[in-house]
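Generate the whole structure from the sequences, applying the supplied hints.
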Amino acid sequence: MHHNVSNNYGNDLQTCSDVRHQQNMPETPGSFADMKELIERKMRSVEEFIEIIYLGKPDGPTCHTGMETCYYTSLNALLPDSKVEQNKLAMTTLYSLESTITQRKLEVAETENEKPSWTKRLLLDNSLLCSKIREEADELCRTLEENEDKSGAASEMADVLYHALVLLAVKDVKVEDVFQVLRQRFSKSGIEEKSSRKST
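Under my numbering, residues 1 to 200 are what the sequence shown spells out, in order.
Calculated directly from the structure, the hints in this document are not laboratory data.
Treat the hints loosely; a few may be bogus.
As the list claims (entries may be wrong) - Simulated crosslink set (EDC-like; lysine to aspartate or glutamate; CA at most 20 Å straight-line):
{"no.": "1", "residue 1": "K171", "residue 2": "E98"}
{"no.": "2", "residue 1": "K171", "residue 2": "D125"}
{"no.": "3", "residue 1": "K105", "residue 2": "D159"}
{"no.": "4", "residue 1": "K120", "residue 2": "E136"}
{"no.": "5", "residue 1": "K171", "residue 2": "D159"}
{"no.": "6", "residue 1": "K115", "residue 2": "D125"}
{"no.": "7", "residue 1": "K150", "residue 2": "D138"}
{"no.": "8", "residue 1": "K120", "residue 2": "E98"}
{"no.": "9", "residue 1": "K174", "residue 2": "E107"}
{"no.": "10", "residue 1": "K120", "residue 2": "E107"}
{"no.": "11", "residue 1": "K174", "residue 2": "E98"}
{"no.": "12", "residue 1": "K105", "residue 2": "E156"}
{"no.": "13", "residue 1": "K120", "residue 2": "E146"}
{"no.": "14", "residue 1": "K105", "residue 2": "D59"}
{"no.": "15", "residue 1": "K174", "residue 2": "D159"}
{"no.": "16", "residue 1": "K120", "residue 2": "D172"}
{"no.": "17", "residue 1": "K150", "residue 2": "E136"}
{"no.": "18", "residue 1": "K105", "residue 2": "D177"}
{"no.": "19", "residue 1": "K174", "residue 2": "E146"}
{"no.": "20", "residue 1": "K150", "residue 2": "E139"}
{"no.": "21", "residue 1": "K120", "residue 2": "E135"}
{"no.": "22", "residue 1": "K171", "residue 2": "E107"}
Owing to the predicted nature of the structure, the values given are computational and were not obtained by experimental measurement.
Put into structure tokens, the structure is as follows:
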């Protein structure tokens, strides 16, 4: 198909998504983009075909559904309702725990004369905190080595997670920062990820 740059709209430098033409999808009024730049990518000499990329600033919705973009479907919308609820509950629990620990950190300076809570003690004593993380991690490993039941493993993991979140609070690291690192690792094998850390 020979592509007409003006796309039958004259010389006003407006274009519709070429995908709609290829799929015979109806045009939606107002779903145009002001062309900022045209890039010629490839010339096929036999067909005299020019393949181009439009780089533009949207003027209204760009998806035929009327949405701002074609990427508006939430991942949760593709999951069973039960799975969505599990995801929401897990995230709410983590963020709630992080919020509680952060609040305790803010209260540390205000309650110098009061008996500190366990969380505040951990926040004030790095050695105690690190020793507890090592202790809880060891107990988690023992649930596997000693073939304990699932509830035991879950309980020990909760302890590890709690103490690890306290350490993150001390370091001013957000849970979201950890999630971001995990998302970046999804497309890498464990060996590749470790190799990349050694080179930095």
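request  = List in ascending order the numbers of the hints, as given earlier, that are violated by the structure.
outcome  = 12, 13, 14 and 19
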